[in-house]
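Model the full assembly from the supplied sequences, consistent with the hints where possible.
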Amino acid sequence: MASTTAASWRSSTPFITFVLCWAIFVDQFIFAIIVPVAPFTLEQRNHVPADSVQQWIAVLLCTYGAAQFIFSPIFGWIADNTPDRKLPFRIGLVAIIASTILLWLAPSIKVAVFARVVQGAADAIVWVTSLAIIADTVGQEHVGEYMGYIALAGNAGSVIGPLLGGVVFAKLGYHAVFIMALITLAGDVVLRFLMLEKRSSRSAVDESIVEMAYVRATSDTENDAIEQGGKSMLKVNVTVSAHSSCSSLPALFKPLPPRPDGQYEALSIYGDNMAYSCTSPYLELTEPTPKPLCISTSTPSRKPRQLPAVLSLLFSPRFFVALWGIFVQAAVGASFRTSLPLYLSELFSWGAIQAGLAFLPLAIPSLLGPLFGWTADRYGPRWVATIAFAAMGPLVILLRIVSQNTVHDKVVLFVLLGLIGICPEAAYTPLSADIAAVATELDDVRGRRKGASYAQASGLFNAASALGNTVGPLATSGLMDVGGWGTINLVMGVVTGVTAIPVMLLCGGRLWKR
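In our numbering, the protein residues as written are 1 to 514.
Heads up, a few of these hints could be off.
[To be verified] Okay, the calculated beta carbon distance ranges per label pair:
hint, residue 1, residue 2, range
1, Ile179, Leu347, 31 to 39 Å
2, Gly486, Gly351, 18 to 26 Å
3, Thr406, Leu311, 53 to 61 Å
4, Leu105, Val190, 20 to 28 Å
Don't read these hints as lab results, they were simulated from the structure. Keep in mind that this is a model prediction, so the values were computed, not measured. The beta carbon of each residue, even a glycine, is placed where N, CA and C say it ideally should be.
This is the structure:
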């Protein structure tokens with residue numbers, strides 16, 4: 001009883017959500033905590049010449065983004081093709097710890113670059129598995145709301161990291177920054193090993209074996225009828241694969257108590273031309289099935305060869321538009337991180353602290369993420385995301401008017417940044433929910449269990465975000481050389497505003513079919 005209670009709270013939705021949010025927070029916190037330390041590390045510890053520090057900071061950021069972009073789809077495939085998602089989730093933790101220690105002790109720039117590659121790969125694992133686990137846990141109908149919590153945790157880490165990193169570095173020195181990072185990781189270790197996935201918590205047996213099930217008789221068959229608890233039961237066997245779970249079965253099945261002898265036999269059960277499987281060894285029908293089950297010892301006919309899930313997702317216009325929206329959102333955010341501090345330093349003579357405070361209006365609206373997600377879950381993702389992109393475009397262009405060192409322009413800057421900060425949150429959660437919805441529809445079409453493609457969809461989602469985070473600074477650097485602050489905001493604003501058109505047409509399904 002005690003073990004059942006422990007498994008219950010360890011696999012509860014609130015606890016799983018907290019663990020995933022903490023993992024994302026720590027991931028972003030550790031990435032951001034090193035930002036104030038990077039110039040010192042490169043010059044004093046990695047022996048980079050002072051006039052090359054900025055160049056190597058850009059190289060490290062691009063290396064991180066490239067690693068995240070490359071590894072996200074790979075780890076998405078791995079997470080979808082393992083018995084559960086705990087293994088890649090924990091591998092990500094090991095990679096984060098390793099990359100943090102490498103960055104801390106790196107004696108040369110080559111080691112620092114390698115550490116950033118490991119950190120980018122770790123980030124890919126954490127984000128991909130976290131997004132997939134949350135989709136497995138709450139179901140498609142609540143994905144938007146819970147993605148809002150994930151986004152909130154990530155933004156909190158991105159904001160708190162540089163602030164704490166700068167203060168600790170100034171007061172306690174270089175080593176204290178990394179000790180603080182490892183302390184946060186210690187909590188992450190405990191939580192990740194406590195968490196039980198919902199899709200694996202229902203089974204205490206090895207999923208690689210073949211298990212037996214009992215199903216109430218629904219039609220005349222030649223199988224032996226038996227008595228169990230006063231009920232007439234039909235002796236039926238279920239083949240369980242290493243990747244199966246109770247979510248593979250219709251809702252009309254439920255687990256039964258274990259049989260005393262614990263014997264298993266190897267047969268298969270098919271219904272509606274589909275092979276059903278479950279990790280629970282004993283099942284019964286809780287309501288009549290719409291169609292009689294066909295019980296057979298023969299192997300079902302092979303399904304026609306299908307494209308890999310990753311390609312099927314990419315060939316979906318609806319999915320591709322969601323990826324484009326995520327890419328644009330990430331690119332604009334990265335553009336701000338690159339251009340805003342430099343412009344404010346030049347225009348207002350602001351230092352690092354004042355420029356850092358300018359990012360608060362962009363970060364605070366992340367508190368609204370769960371609300372936007374709930375709205376998208378309830379009313380559909382199309383119009384929430386469309387309005388977000390349509391509003392963000394003109395607001396970004398209006399930043400061009402901030403051009404004088406006056407109180408008026410400073411007020412206008414903070415008001416515009418606050419309004420702009422709302423838009424990415426309003427776009428992120430609906431697009432996240434739509435990506436999960438497309439993956440669910442793909443699984444239905446391919447005859448696979450629900451959630452079989454979640455991690456691969458999340459991998460592409462994360463790759464699009466990583467590509468935006470890499471392209472954004474590069475584009476900003478080129479635009480800064482061509483026309484400066486005004487040109488950057490004009491281009492980013494136009495791209496963002498135009499993105500509202502394909503989002504309106506395809507997000508949530510084709511508009512013209514409605």
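Cross-check of the supplied hints:
Between Ile179 and Leu347 the beta carbons are some 37 Å apart, a value that agrees with the proposed interval 31 to 39 Å. Look at Gly486 against Gly351: about 24 Å separates their beta carbons, and that is inside 18 to 26 Å. Judged by the Cβ atoms, the range 53 to 61 Å given for Thr406 and Leu311 holds: they are separated by roughly 54 Å. Under the hint 20 to 28 Å, the C-beta atoms of Leu105 and Val190, about 24 Å apart, fit the expected range.
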